[in-house]
Amino acid sequence: MKIINNKKEAIQELKRISNRTNSENNKNINSIVEKILQEVKKNGDIAVEKYTRKFDGFNPEPMQISARDLKDAWDKIDSNLKQALEVAYTRIKKFHEKEIPSSFIIKGEHGDKVQRKWRPVKKAGLYIPGGRASYPSTVLMNAIPATVAGVEEIIMVSPGDTKGEVNKAVLAAAHLSGINKVFRIGGAQAIGALAFGTNQIDKVDVISGPGNIYVTTAKKLIYGSTGIDSLAGPSEILIIADETALSKHIAFDLLAQAEHDPLASSILLTTSDEQAKEVLKELFKIVDNHPRKEICMESIKNWGLIVICENLESCVELSNSFAPEHLEILALDHEKILEGIENAGAIFLGQWTPEAVGDYLAGPNHTLPTSGNSRFSGSLGVETFMKNTSIIEFNKESLKVNSRDIIHLAQSEGLDSHADSVKIRFED
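Residue numbers are given in the numbering used here: position 256 of the sequence shown equals residue 256, and the series is strictly consecutive.
Hints should not be assumed to be uniformly reliable.
Unchecked claim - Result set (EDC-like, lysine to aspartate or glutamate): computed pairs, CA atoms no more than 16 angstroms apart in a straight line:
{"hint": "1", "residue 1": "107", "residue 2": "397"}
{"hint": "2", "residue 1": "181", "residue 2": "69"}
{"hint": "3", "residue 1": "387", "residue 2": "205"}
{"hint": "4", "residue 1": "35", "residue 2": "49"}
{"hint": "5", "residue 1": "396", "residue 2": "427"}
{"hint": "6", "residue 1": "400", "residue 2": "428"}
{"hint": "7", "residue 1": "293", "residue 2": "282"}
{"hint": "8", "residue 1": "122", "residue 2": "152"}
{"hint": "9", "residue 1": "7", "residue 2": "310"}
{"hint": "10", "residue 1": "203", "residue 2": "45"}
{"hint": "11", "residue 1": "293", "residue 2": "259"}
{"hint": "12", "residue 1": "122", "residue 2": "153"}
{"hint": "13", "residue 1": "54", "residue 2": "161"}
{"hint": "14", "residue 1": "2", "residue 2": "282"}
{"hint": "15", "residue 1": "2", "residue 2": "298"}
{"hint": "16", "residue 1": "2", "residue 2": "274"}
{"hint": "17", "residue 1": "8", "residue 2": "310"}
{"hint": "18", "residue 1": "301", "residue 2": "288"}
{"hint": "19", "residue 1": "168", "residue 2": "75"}
{"hint": "20", "residue 1": "50", "residue 2": "39"}
{"hint": "21", "residue 1": "248", "residue 2": "274"}
{"hint": "22", "residue 1": "117", "residue 2": "383"}
{"hint": "23", "residue 1": "93", "residue 2": "383"}
{"hint": "24", "residue 1": "277", "residue 2": "243"}
{"hint": "25", "residue 1": "277", "residue 2": "242"}
{"hint": "26", "residue 1": "396", "residue 2": "428"}
{"hint": "27", "residue 1": "400", "residue 2": "112"}
{"hint": "28", "residue 1": "98", "residue 2": "383"}
{"hint": "29", "residue 1": "76", "residue 2": "86"}
{"hint": "30", "residue 1": "41", "residue 2": "202"}
{"hint": "31", "residue 1": "301", "residue 2": "13"}
{"hint": "32", "residue 1": "54", "residue 2": "39"}
{"hint": "33", "residue 1": "220", "residue 2": "34"}
{"hint": "34", "residue 1": "168", "residue 2": "78"}
{"hint": "35", "residue 1": "2", "residue 2": "273"}
{"hint": "36", "residue 1": "168", "residue 2": "69"}
Stated by the list, open to error - Listed next, with one range per pair, are the computed distances between beta-carbon atoms:
{"hint": "37", "residue 1": "67", "residue 2": "248", "range": "44 to 50 angstroms"}
{"hint": "38", "residue 1": "22", "residue 2": "424", "range": "52 to 58 angstroms"}
{"hint": "39", "residue 1": "98", "residue 2": "277", "range": "42 to 48 angstroms"}
{"hint": "40", "residue 1": "350", "residue 2": "8", "range": "28 to 34 angstroms"}
If you're looking for bench data, these hints aren't it; they were derived computationally from the structure.
Just so it is clear, the structure is predicted and the values come from calculations on it, not from any experiment.
For glycine and all other residues, C-beta sits at the position ideal for the given N, C-alpha and C.
Based on the provided sequences and hints, a complete structural model is requested.
See below:
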């Protein structure tokens, strides 16, 4: 993990980290994923089973996990985990219920009416990763906004282990969330199944949920025929700290991100030379006995960074430029620093709000924009699973009052039939 005290160098290093998934290798991945998607589109379940055997090492028969198995998973999980999931479910649902967009009607003075009407999509597909870790929290974060939106049918896919078994906590979270269609498949083939439909899996309208580069690439390639939540990359955290922040807190919070993935990024912007050194020392002390040491070491070696800034204003400037997925502000006057923040997926204020709070049960969604995308997008929410329709109704008087303006605008664009479609209504 580098320590930098030069602003120009820091800008270049932050740019390198932000672009860490953009490589020539992506062309090869695109080709592989495109082939998988086309085969799933053509051959359906046969192709899904083929690629599950090839990549995950098991034969997915039966592909669907029964409602009874989901209930058994809920019944058998540890009581402490069960309570934690219930607390998280309640808090997340309460937050997302506030997100429901309102339909509205505007009535004009001449009797015209214009409306925006919100409706849920009919079918949603949720992708829940497996692999390095299990993510029951991701089930809640995707399923709850979909159910709050009013989606009629939710289909969940999650890869099994080499024996074909999906993590019990993931299945328990699906049961708690009211999902009864769960399939033990993953990878690009699972995205293809949701996007195109197969004999066993219905085609969905929207796909949400994070995954590896193959899953993300598949979502990118099917977008347009099926909606998606976002193209999330590897996780990242940026911490702004002053001399009052505890180095041990910072070190643990950085590692909480690094342990996700070798491509995860952990960044500290500090105003203290001494703190920079202390954090680095603490970091390596903690990671030495870490159960995911290899992943953490690769992450902090390649994508970790500590920048010593001249002042907090400089920290804010660099943070806004990087536009992090997660931003922690560990400083005495965090409220003042917050005023200057323009770009961040989620912001965590003060020493009692580690990023893990948001990952699990604070309420706001933990599916967030990465790789600088918080400059123009936000978290997954209820609107991800909804669509809006405009409804317009003019009467004779309101069209007549507005006809001249419509005609002038149409003629200015050279669209004569647009203009004539208004004129003709008043010729008789």
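Results of checking the hints against the structure:
1. This hinted pair checks out: residue 107 and residue 397 have alpha carbons roughly 13 angstroms apart, not beyond 16 angstroms.
2. For the proposed pair residue 181 and residue 69, the alpha carbon gap of about 11 angstroms is at most 16 angstroms, so the pair holds.
3. Distance check on the hinted pair: residue 387 and residue 205 sit about 11 angstroms apart at the alpha-carbon level, within 16 angstroms; holds.
4. Of the pairs offered as hints, the one joining residue 35 and residue 49 holds, with about 15 angstroms between alpha carbons and a cut-off of 16 angstroms not exceeded.
5. The hinted pair formed by residue 396 and residue 427 meets the criterion: a straight-line CA distance of about 13 angstroms does not exceed 16 angstroms.
6. Of the supplied pair hints, the one linking residue 400 and residue 428 holds, its CA atoms being roughly 13 angstroms apart against a limit of 16 angstroms.
7. Restraint check for residue 293 and residue 282: the C-alpha separation of about 14 angstroms stays at or below 16 angstroms, so the hint holds.
8. A C-alpha spacing of about 5 angstroms is found between residue 122 and residue 152, which places the hinted pair at or below 16 angstroms, so the restraint holds.
9. For the hint pairing residue 7 with residue 310, the CA-to-CA distance comes to about 9 angstroms; that is within 16 angstroms, so the pair holds.
10. Our distance criterion of 16 angstroms between C-alpha atoms is met by residue 203 and residue 45, whose separation comes to about 13 angstroms.
11. Distance hint between residue 293 and residue 259 is fulfilled; the C-alpha atoms sit about 8 angstroms from each other, no more than 16 angstroms.
12. Simply put, residue 122 and residue 153 have alpha-carbon atoms about 6 angstroms apart, close enough for the 16 angstroms limit, and the pair holds.
13. Proposed proximity of residue 54 and residue 161 is supported: the alpha carbons are some 13 angstroms apart, at most 16 angstroms.
14. This hinted pair checks out: residue 2 and residue 282 have alpha carbons roughly 15 angstroms apart, not beyond 16 angstroms.
15. With a C-alpha separation of about 13 angstroms, the suggested pairing of residue 2 with residue 298 holds against the 16 angstroms cut-off.
16. At most 16 angstroms may separate the alpha-carbon atoms for a hinted pair to count; residue 2 and residue 274 meet this at roughly 15 angstroms.
17. For a cut-off of 16 angstroms, the pair hint linking residue 8 to residue 310 stands: about 12 angstroms separates their Cα positions.
18. Only pairs whose Cα atoms come within 16 angstroms are accepted, and residue 301 paired with residue 288 is accepted, the gap being roughly 14 angstroms.
19. Of the supplied pair hints, the one linking residue 168 and residue 75 holds, its CA atoms being roughly 10 angstroms apart against a limit of 16 angstroms.
20. Of the supplied pair hints, the one linking residue 50 and residue 39 holds, its CA atoms being roughly 10 angstroms apart against a limit of 16 angstroms.
21. Pair hint residue 248 plus residue 274 holds up; C-alpha atoms about 13 angstroms apart against a cutoff of 16 angstroms.
22. Between the alpha carbons of residue 117 and residue 383 the distance comes to roughly 12 angstroms, so the proposed pair stays at or under 16 angstroms and holds.
23. Under the criterion of a C-alpha separation no larger than 16 angstroms, the hint pairing residue 93 with residue 383 is consistent with the structure, at around 14 angstroms.
24. Taking the CA atoms of residue 277 and residue 243, the gap is about 12 angstroms. The hint holds against a cut of 16 angstroms.
25. Restraint check for residue 277 and residue 242: the C-alpha separation of about 13 angstroms stays at or below 16 angstroms, so the hint holds.
26. As the CA atoms of residue 396 and residue 428 are separated by approximately 13 angstroms, the hinted pair is consistent with the 16 angstroms bound.
27. The straight-line distance between the Cα atoms of residue 400 and residue 112 is roughly 11 angstroms, inside the 16 angstroms bound, and the hint therefore holds.
28. Taken as a hint, the residue 98 and residue 383 pair is honoured in the structure, with Cα atoms around 11 angstroms apart against an allowance of 16 angstroms.
29. As the CA atoms of residue 76 and residue 86 are separated by approximately 15 angstroms, the hinted pair is consistent with the 16 angstroms bound.
30. Between residue 41 and residue 202, the direct Cα distance comes to roughly 12 angstroms. Compliance with the 16 angstroms bound is thereby established for this hinted pair.
31. As the CA atoms of residue 301 and residue 13 are separated by approximately 13 angstroms, the hinted pair is consistent with the 16 angstroms bound.
32. Restraint check for residue 54 and residue 39: the C-alpha separation of about 14 angstroms stays at or below 16 angstroms, so the hint holds.
33. For the hint linking residue 220 to residue 34, the alpha-carbon distance of about 10 angstroms falls within 16 angstroms, and the restraint holds.
34. This hinted pair checks out: residue 168 and residue 78 have alpha carbons roughly 10 angstroms apart, not beyond 16 angstroms.
35. With a C-alpha separation of about 13 angstroms, the suggested pair residue 2 and residue 273 falls inside the 16 angstroms cut-off, and the hint holds.
36. Restraint check for residue 168 and residue 69: the C-alpha separation of about 9 angstroms stays at or below 16 angstroms, so the hint holds.
37. Remark: the range hint 44 to 50 angstroms for residue 67 to residue 248 is upheld by a beta-carbon distance near 46 angstroms.
38. Our hint of 52 to 58 angstroms for residue 22 and residue 424 holds, since their Cβ atoms are close to 53 angstroms apart.
39. A hinted range of 42 to 48 angstroms holds for the C-beta pair residue 98 and residue 277, which are about 43 angstroms apart.
40. In this structure, residue 350 and residue 8 meet the distance hint of 28 to 34 angstroms, their C-beta atoms being roughly 31 angstroms apart.
Checked against the numbered hints listed earlier, the structure breaks none of them; every hint is satisfied.
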